[in-house]
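*Asks:* Turn these sequences into a full structure, and let the hints steer you where they fit.
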Amino acid sequence: MSNSFAGQVALVTGATRGIGKAIAEAFAAGGATVIGTATSESGAAAISEYLNGNGRGCVLNVTAEGAIDALVSDLQKEFGKIDILVNNAGITRDNLLMRMKDDEWNSVIDTNLTAVYKMCKAVMRGMMKNRYGRIVNIGSVVGTTGNPGQANYCAAKAGLIGFTKALAKEIASRGVTVNAVAPGFIDTDMTKALTDEQRERIFETIPAARLGKPEEIAAAVSFLASEQAGYITGETIHVNGGMSMV
Amino acid sequence: MSTIEERVKKIIIEQLGVKEEEVKPEASFENDLGADSLDTVELVMALEEEFETEIPDEEAEKIRTVQAAIDYINKHSA
Chain A
1 MSNSFAGQVA LVTGATRGIG KAIAEAFAAG GATVIGTATS ESGAAAISEY LNGNGRGCVL
61 NVTAEGAIDA LVSDLQKEFG KIDILVNNAG ITRDNLLMRM KDDEWNSVID TNLTAVYKMC
121 KAVMRGMMKN RYGRIVNIGS VVGTTGNPGQ ANYCAAKAGL IGFTKALAKE IASRGVTVNA
181 VAPGFIDTDM TKALTDEQRE RIFETIPAAR LGKPEEIAAA VSFLASEQAG YITGETIHVN
241 GGMSMV
Chain B
1 MSTIEERVKK IIIEQLGVKE EEVKPEASFE NDLGADSLDT VELVMALEEE FETEIPDEEA
61 EKIRTVQAAI DYINKHSA
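Read top to bottom, the protein sequences are chains A and B.
By the count of UniProt numbering, the first sequence reaches residue 246 at its end, each step adding exactly one.
By the count of UniProt numbering, the second sequence reaches residue 78 at its end, each step adding exactly one.
No lab work stands behind these hints, which were simulated from the structure alone.
Even for Gly, the Cβ is constructed at its ideal location relative to N, Cα and C.
There may be inaccurate statements among the hints.
To be verified - If you anchor each label on the Cβ, the simulated ranges turn out as follows:
1. B:A68 with A:Q76: 52 to 58 Å
2. B:E20 with A:A45: 49 to 55 Å
3. A:A172 with B:I13: 43 to 49 Å
Stated by the list, open to error - 27 Å max Cα-Cα, derived BS3-like pairs, lysine-lysine:
4. B:K62 with A:K121
5. B:K62 with A:K81
6. A:K129 with B:K62
7. B:K62 with A:K77
8. A:K129 with B:K10
9. A:K77 with B:K19
*Replies:* In structure tokens:
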């Protein structure tokens with residue numbers, strides 16, 4: 001099943017690999033022009049390659065001053081609109097709070113939460129004018145459940161859910177929906193960085209008894225970004241194999 | 001070249017989706033022209049764009065009528 005995104009422009013942050021790549025591919029399969037962002041030139045080139053003419057990759061460091069506004073403004077000029085924004089770019093800097101450095105805290109909050117605020121602010125004006133828009137923010141199951149060693153990440157992801165609800169209420173009347181998808185443990189480079197101990201503990205808690213696939217997150221994102229999901233806003237869809245039911 | 005008054009009125013008509021005859025000088029955006037808080041923010045942003053100016057929040061809050069908008073722009077545009 002693939003939703004139709006013919007004639008639409010989708011912007012996906014952190015699209016080089018993992019979940020972001022699966023999301024960008026789902027939009028491209030639905031006929032959208034997809035702009036996927038990466039932090040490096042080589043990442044952007046890799047995105048252009050897999051998009052295969054249905055858009056392209058571009059370099060964006062979401063924490064660089066002015067970078068987000070500049071990119072969104074260029075895209076608005078080039079395509080005239082952005083229909084879909086997926087805030088997927090995220091990082092982890094795990095450490096027990098006793099040992100956590102300010103830098104580890106700040107970089108996770110900046111990339112995973114502050115950048116979401118900036119991206120949304122940059123695209124919302126155009127969406128409101130068009131009376132149409134779909135914003136999907138990628139959260140995490142740990143934003144709801146907590147996870148030792150990830151106080152920074154959990155705080156950012158929980159913050160993202162509150163942000164999603166507030167913005168959803170602000171702009172619902174303009175035909176713009178804002179939702180979140182909260183993945184559980186998905187088979188990506190990010191979860192490969194977990195320690196064996198973390199991994200074992202996590203597996204015991206997943207009724208589906210496996211990691212999720214990036215495509216399974218993309219399916220939920222694709223649905224929320226589709227036209228037919230227009231009456232769903234401020235919602236978080238949890239995609240976690242049953243590990244947490246909210 | 002249209003006057004500031006005409007340009008301001010045009011933006012109000014476009015942003016709020018109201019008729020020209022409704023845009024009287026004393027008309028209040030919220031009470032007479034059916035604007036909600038988001039509409040007034042969008043209106044202020046549209047004025048900023050049209051007149052290439054930045055309207056501070058505390059000034060924007062005072063722009064509640066058609067005349068107030070015209071006065072503000074008259075006073076602050078070069």
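*Asks:* All the hints need checking, so say for each whether the structure fits it.
*Replies:* Hints, verified against the model:
1. In this structure, A68 (chain B) and Q76 (chain A) break the distance hint of 52 to 58 Å, their C-beta atoms being roughly 30 Å apart.
2. Separation of E20 (chain B) from A45 (chain A) is about 53 Å and conforms to the stated range, judged on CB atoms against 49 to 55 Å.
3. Checked against the hint of 43 to 49 Å, the C-beta distance between A172 (chain A) and I13 (chain B) comes to roughly 24 Å, which is inconsistent with it.
4. A C-alpha spacing of about 24 Å is found between K62 (chain B) and K121 (chain A), which places the hinted pair at or below 27 Å, so the restraint holds.
5. This hinted pair does not check out: K62 (chain B) and K81 (chain A) have alpha carbons roughly 32 Å apart, beyond 27 Å.
6. Using a Cα cut-off of 27 Å, the hinted pair K129 (chain A) and K62 (chain B) holds, with the two alpha carbons roughly 24 Å apart.
7. Proposed proximity of K62 (chain B) and K77 (chain A) is contradicted: the alpha carbons are some 33 Å apart, above 27 Å.
8. Among the hinted pairs, K129 (chain A) with K10 (chain B) is consistent with the structure: their alpha-carbon atoms are about 16 Å apart, no more than 27 Å.
9. For the proposed pair K77 (chain A) and K19 (chain B), the alpha carbon gap of about 30 Å is over 27 Å, so the pair is violated.
Hints 1, 3, 5, 7, 9 from the list above are not met by this structure, while the remaining hints are.
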